[in-house]
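A.B. asks: With the sequences and hints as input, model every part of the structure.
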Amino acid sequence: MTAFLILAVAAAGELPRTKPLEQHPGIETVAGTVEGPGGRRLRTFTTAPPGAGRLLSVFVVGWLSCDSVELTGTPRGVNRLIQDVVRKSGGLVFRVDKPGAGDSEGDCAKTDFATELEGYRRAFAAFQEHPRVDPARVVLLGISNGGGFAPLVAGDAPVAAYVSVGGWSKTWFEHMIDLERRRIVLSGTDPAKVAALLKPLAELHAAYLFDRLTPAQVAERRPHLKGIWYDEPDSQYGRPARFYHQLQELDLAAAWGKVRAPTLVVWGDYDWIMDREDQEQIVRLVGPAARLLVVPRADHGLTQHPDEKTAFRNMGRGDYAAAAAEEILAFIRAR
Numbered sequence: 001m002t003a004f005l006i007l008a009v010a011a012a013g014e015l016p017r018t019k020p021l022e023q024h025p026g027i028e029t030v031a032g033t034v035e036g037p038g039g040r041r042l043r044t045f046t047t048a049p050p051g052a053g054r055l056l057s058v059f060v061v062g063w064l065s066c067d068s069v070e071l072t073g074t075p076r077g078v079n080r081l082i083q084d085v086v087r088k089s090g091g092l093v094f095r096v097d098k099p100g101a102g103d104s105e106g107d108c109a110k111t112d113f114a115t116e117l118e119g120y121r122r123a124f125a126a127f128q129e130h131p132r133v134d135p136a137r138v139v140l141l142g143i144s145n146g147g148g149f150a151p152l153v154a155g156d157a158p159v160a161a162y163v164s165v166g167g168w169s170k171t172w173f174e175h176m177i178d179l180e181r182r183r184i185v186l187s188g189t190d191p192a193k194v195a196a197l198l199k200p201l202a203e204l205h206a207a208y209l210f211d212r213l214t215p216a217q218v219a220e221r222r223p224h225l226k227g228i229w230y231d232e233p234d235s236q237y238g239r240p241a242r243f244y245h246q247l248q249e250l251d252l253a254a255a256w257g258k259v260r261a262p263t264l265v266v267w268g269d270y271d272w273i274m275d276r277e278d279q280e281q282i283v284r285l286v287g288p289a290a291r292l293l294v295v296p297r298a299d300h301g302l303t304q305h306p307d308e309k310t311a312f313r314n315m316g317r318g319d320y321a322a323a324a325a326e327e328i329l330a331f332i333r334a335r
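Using this note's numbering, the first residue of the sequence shown is number 1, and each one after it goes up by one.
Certain hints may be false.
Here are the simulated EDC-like cross-link-like pairs (lysine to aspartate or glutamate), alpha carbons at most 20 Å apart as the crow flies [what the hints assert, rightly or not]: (1) Lys-258 <-> Glu-220; (2) Lys-193 <-> Glu-203; (3) Lys-258 <-> Glu-280; (4) Lys-199 <-> Glu-180; (5) Lys-170 <-> Glu-220; (6) Lys-199 <-> Asp-178; (7) Lys-110 <-> Glu-249; (8) Lys-19 <-> Glu-70; (9) Lys-170 <-> Glu-280; (10) Lys-170 <-> Glu-249; (11) Lys-110 <-> Glu-174; (12) Lys-193 <-> Glu-180; (13) Lys-309 <-> Asp-190; (14) Lys-170 <-> Glu-203; (15) Lys-110 <-> Asp-231; (16) Lys-110 <-> Asp-134; (17) Lys-88 <-> Glu-180; (18) Lys-193 <-> Asp-178.
Calculated directly from the structure, the hints in this document are not laboratory data. Just so you know, these numbers come straight off a predicted model, no measurement behind them.
C.D. replies: Okay, here's the thing in structure tokens:
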């Protein structure tokens, strides 16, 4: 029998909810509210089997985009992975929508990283207070951008294990130069022309990130770079320039260097967004408790394709990497 709950608006502080919640067989789903930075209310989703005892508990640290972590329709890729963790882990799973995503208040397109991170930290504090969370069996599941900064969410709190799916650990500038090279190569560029195309992009990213400018300001100050930028004048991937200035300030290697909990680092070998070296660095930093799971033919969205160029064109639209998902689930259940 499918068990689900819709959390009523019990107090003025609760976010209103009118549409039905996602449903999972034998799982209770509760929509809640956490007060985020600036008093903005953030939507949370807590799923768990019925009962009163403490459980293995998973806190999800999500991606960079403004997409909600709510599961709707037929989930694909990393959303399907979250659904599998909800339905098959036997534990409590806690998700939060960043400001402006889903039901959460705010404007995601204008929210910087510092604000987003503070929202995650407040949600994690609420998660820790949940009566069914076993504090000795807390797992952080970080996905994409969240797979890089997940240790910053937990801080000094005890964590039983980390799962990083398609994360990063170098500086954001290094990440972007790696990404730009792969994008140029996979677009079919003549190999002899790759360096010539990459050089002005590297100059643009350096000014954008190190001088804390918007892409439009870079082009204004350096006219020879006009026409190089392929996103919005003041933003990138739907997030404001300041978001990336703050990512560049992070020292994720230092953060991962403090982690000694068992860590599973997951990366698809057709992932053109994140570099394999970032994953290997996390494993080296954590030490013997960490291992790398390379998913064959998988893209950044954890879907598989016949070849790398197809993965580049159809990211997130391949076949779900079910075998890798089962390995991730086994790692989580073992906590």
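A.B. asks: So, for every hint listed, does it hold in this structure?
C.D. replies: Hint-by-hint comparison with the structure:
1. Distance restraint check for Lys-258 and Glu-220: the Cα-Cα separation of roughly 41 Å exceeds the 20 Å cut-off, and the hinted pair is therefore not satisfied.
2. Proximity of Lys-193 to Glu-203 is assessed by CA-CA distance (about 17 Å); at most 20 Å being required, the pair is judged to hold.
3. Proximity of Lys-258 to Glu-280 is assessed by CA-CA distance (about 16 Å); at most 20 Å being required, the pair is judged to hold.
4. Distance hint between Lys-199 and Glu-180 is fulfilled; the C-alpha atoms sit about 10 Å from each other, no more than 20 Å.
5. Between the alpha carbons of Lys-170 and Glu-220 the distance comes to roughly 29 Å, so the proposed pair goes past 20 Å and is violated.
6. For the suggested pair Lys-199 and Asp-178, the alpha carbons sit about 12 Å apart, so the restraint of at most 20 Å is met.
7. Among the hinted pairs, Lys-110 with Glu-249 is consistent with the structure: their alpha-carbon atoms are about 19 Å apart, no more than 20 Å.
8. At most 20 Å may separate the alpha-carbon atoms for a hinted pair to count; Lys-19 and Glu-70 meet this at roughly 12 Å.
9. About 11 Å separates the Cα atoms of Lys-170 and Glu-280, which keeps this hinted pair within 20 Å; it holds.
10. The hinted pair formed by Lys-170 and Glu-249 meets the criterion: a straight-line CA distance of about 11 Å does not exceed 20 Å.
11. For the hint pairing Lys-110 with Glu-174, the CA-to-CA distance comes to about 24 Å; that exceeds 20 Å, so the pair is violated.
12. Using a Cα cut-off of 20 Å, the hinted pair Lys-193 and Glu-180 holds, with the two alpha carbons roughly 13 Å apart.
13. For the given pair, Lys-309 sits about 15 Å from Asp-190 by alpha-carbon distance, which is consistent with the 20 Å threshold.
14. Between Lys-170 and Glu-203 the alpha-carbon distance is near 18 Å, which keeps this suggested pair within the 20 Å criterion.
15. This hinted pair checks out: Lys-110 and Asp-231 have alpha carbons roughly 15 Å apart, not beyond 20 Å.
16. Only pairs whose Cα atoms come within 20 Å are accepted, and Lys-110 paired with Asp-134 is rejected, the gap being roughly 36 Å.
17. A threshold of 20 Å between alpha carbons decides the hint, and for Lys-88 with Glu-180 the separation of about 37 Å lies outside it, so the pair is violated.
18. Distance check on the hinted pair: Lys-193 and Asp-178 sit about 16 Å apart at the alpha-carbon level, within 20 Å; holds.
Against the hints set out earlier in the document, violations occur for numbers 1, 5, 11, 16 and 17.
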